[in-house]
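Protein chains in written order, with my numbering: chain A, 1 to 168; chain B, 1001 to 1389.
Check before you lean on any hint, since a few could be wrong.
Unchecked claim - Listed next, the in silico BS3-like pairs over lysine-lysine satisfying Cα-Cα at most 25 angstroms (straight line):
1. A/Lys78 x A/Lys109
2. A/Lys14 x B/Lys1023
3. A/Lys160 x B/Lys1364
Claimed, not checked - Covered stretches of chain A (chain B as the covering partner; in silico rule of three or more C-beta atoms under 8 angstroms from a C-beta of chain B):
4. 10-19
5. 31-42
6. 107-113
7. 127-136
8. 149-158
Claimed, not checked - Over the 12 angstroms line for every Cβ pair with chain A, so calculated as not near, a few chain B residues:
9. Gln1113
10. Trp1114
11. Glu1117
12. Arg1121
13. Thr1162
14. Lys1216
15. Asn1236
16. Ser1253
17. Gln1268
18. Thr1275
19. Ala1297
20. Glu1368
Because the hints were derived from the structure by calculation, they are not lab data. Note that CB positions come from ideal geometry on N, CA and C, so glycine has one too.
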Amino acid sequence: MPVNEEKKHQEFLKAYDEFADAIYRHCFFRVSDAARAQELTQDTFMRAWDSISRGKVVENIRAFLYRIANNLIIDEYKKKKTASLDELVEDGFQPQAEASDWNDLLDAKQLVKCLDSVEEPYRTAVVLRYLDGFSPKEIAATMKVSANVVSVRITRGLEKLRQLFPSL
Amino acid sequence: MKNLFEKSCEHTQKSLHLPVSDKAAMRVELIKYLEKNPIRRGFFSRFTVLAKGISYITKPVPVFALLLALSMGVGTTYASESALPGDVLYPVKIYVTEEIRGIVAITPEESAQWEVERAKRRLDEASKLVARGTYNAELRAGLETNFTESVDRAQKRILVLTSSGNDDAAFEMSSRFESALRAHQEIFNRLHEKELHAAKKMEKSATEDLLKVVDKQLENAHTIRVTFETKRVDRNRVSVEKKLSQLRNELASVRAFVSSRAPVLSVQSNARVETSIETANRLLDEAQATMKAGDLAQAFITLQSAGRELTQSRMLAQSLVELSIDEPREQEREEKAESRSEKREEIRRDREDINQDQTEKNKKQQIEAVGRKSLEMRIPGEVRIKIGR
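Next comes chain A alone, as it looks inside the complex (with noise of 0.2 angstroms):
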């Protein structure tokens, strides 16, 4: 393989070390299902390597795979419109009526539990604030909408959050 290849590849798989964890818990956050979420996250790099052989030229990588990730996951939605209701229904965990409890940190089930009745877009600008660490404006870069909207969504998540668990 020529020289160039090679650190091509080892750029790039440089990349899914430092960032695979991120898209993984951005995918879990956004379809509640751990094994879901990880193929979603390997279905992202391989997707980021297509564009990359093909030559795209990516200046920022990070924002590259949550744009990818993104569109795989509204795919996802897109196919499984009305199971995420039952599953939470079958799983019997019914957050309201142990938000009073709630002294300790919660865990990610339950975050993820508590997200799952915040609706799109609120939901994904949460996501991206909270668990993915990103600052408003790097949101609005990323998912290229304006740096108002993505406050003002990100305001509205949080109330919803909040009027369901007032504990939060």
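Knowing the structure of chain A, use the given hints to seat chain B on it.
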């Protein structure tokens, strides 16, 4: 104030990650994927450079192009036929397959015809890119240069035809080219309208520039045509009758073509194309009458007009369907409508939220301004912005 939610999120950020073994396994899979999908450069890098600097770099010698095509095999050259500027195979289309077809066109007539075809292709590519919304400045420069070069070459070849006495072929060719230009002018106008209606505007309206280029060439083509028309030639009855029957056949085939596409086009577009066909029909009848009256030269000119009208209607119908400028096809219609209304819903909700936010801010300000006195508060009316029809 860091509430429970924020604190939990922070904690999760640090604690939630891929299980170490899974991450490692996925990495191995990814490496395999990288090996299976190597970087697609090497052979095409030269072409990519060429494609970017089209106006500066001289084109490769035709022999080279032929050798390349032979070495690459039929598959690549065939696949490149539908390539658009920006695609990996586009340089192959321009520098290989088109060059070869240029070489193969031996007679001056075939040569001229091919250059006209090339110019039409550039227009076609431009309209496809505009319809997709990917017609940026970079592609524009290359395409427009290629287009004007093709037109220049076509015109030169047409002149060669006239100087060798083959006026009819030259007339026919420039006539057909004019109708191609008109058809594209209409398409670009439609795309321009669409652009104006769409929420996002492309930098420096691509269609406006395209329209300028096409308008200019149309003027030239028109001038050339008029020159031919004013050159009264003695025509013989047999050849004129032959042309008339040829065109009647063409009319029938264009009619059949359009009716096969009719279900996919809007009522308006169908009407538009029908009108064009009717005009052609009328012209053919007119030509027949003129012929009977003995003015063969005029009849021939009228037949040319009819031919142009027919070419235009066929190209228009084809482009409207291909570019989906009109109503989208059945399968895509639902999806497009869904995503469009979703987008509209999103925009509406965002605007609502921002408005509500603004209203609340105003309320707060008012309360502060008035102080703690319990006066009657005037709440500004809600402002609603309706988007869409």
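- Item | Given as non-interface: threonine 1275 of chain B, partner chain A, CB spacing beyond 12 angstroms | Non-interface label stands for threonine 1275 of chain B: nearest chain A Cβ at 41 angstroms, farther than 12 angstroms.
- Message: Please check whether the beta-carbon of asparagine 1236 of chain B is more than 12 angstroms away from every beta-carbon in chain A.
- Response: holds (59 angstroms)
- Message: Between the stretch 149-158 of chain A and chain B, are there enough contacts, at least three residues with CB-CB distance under 8 angstroms, for the coverage claim to hold?
- Response: holds (count 6)
- Query: Non-interface claim for glutamate 1368 of chain B: all C-beta distances to chain A beyond 12 angstroms?
  - Reply: Holds, because the least Cβ-Cβ distance between glutamate 1368 of chain B and chain A comes to about 20 angstroms, which exceeds 12 angstroms.
- Item | Claimed clearance of chain A by arginine 1121 of chain B, with the beta carbon kept past 12 angstroms | holds (24 angstroms)
- For the stretch 107-113 of chain A, do three or more residues have a beta carbon lying closer than 8 angstroms to a beta carbon of chain B? With 4 residues closer than 8 angstroms to chain B, the stretch 107-113 of chain A meets the three-residue bar; holds.
- Verify that the Cβ of lysine 1216 of chain B lies farther than 12 angstroms from every Cβ atom of chain A, and report whether the claim holds or is violated. Answer for lysine 1216 of chain B: holds, closest chain A Cβ roughly 34 angstroms.
- Taken at face value, is the distance from the CA of lysine 109 of chain A to the CA of lysine 78 of chain A at most 25 angstroms? holds (23 angstroms)
- Is it true that the CA of lysine 14 of chain A sits at most 25 angstroms from the CA of lysine 1023 of chain B? holds (13 angstroms)
- Would you say the stretch 31-42 of chain A counts as covered by chain B, given the rule of at least 3 residues with C-beta under 8 angstroms? Coverage by chain B holds here, the residue count being 3 at a Cβ distance below 8 angstroms.
- Item | Exclusion check [serine 1253 of chain B not at the chain A interface, CB over 12 angstroms] | holds (41 angstroms)
- Would you check chain B against the stretch 127-136 of chain A, counting CB to CB pairs closer than 8 angstroms, and say if three or more residues qualify? holds (count 4)
In summary, the structure agrees with every hint in the numbered list given earlier.
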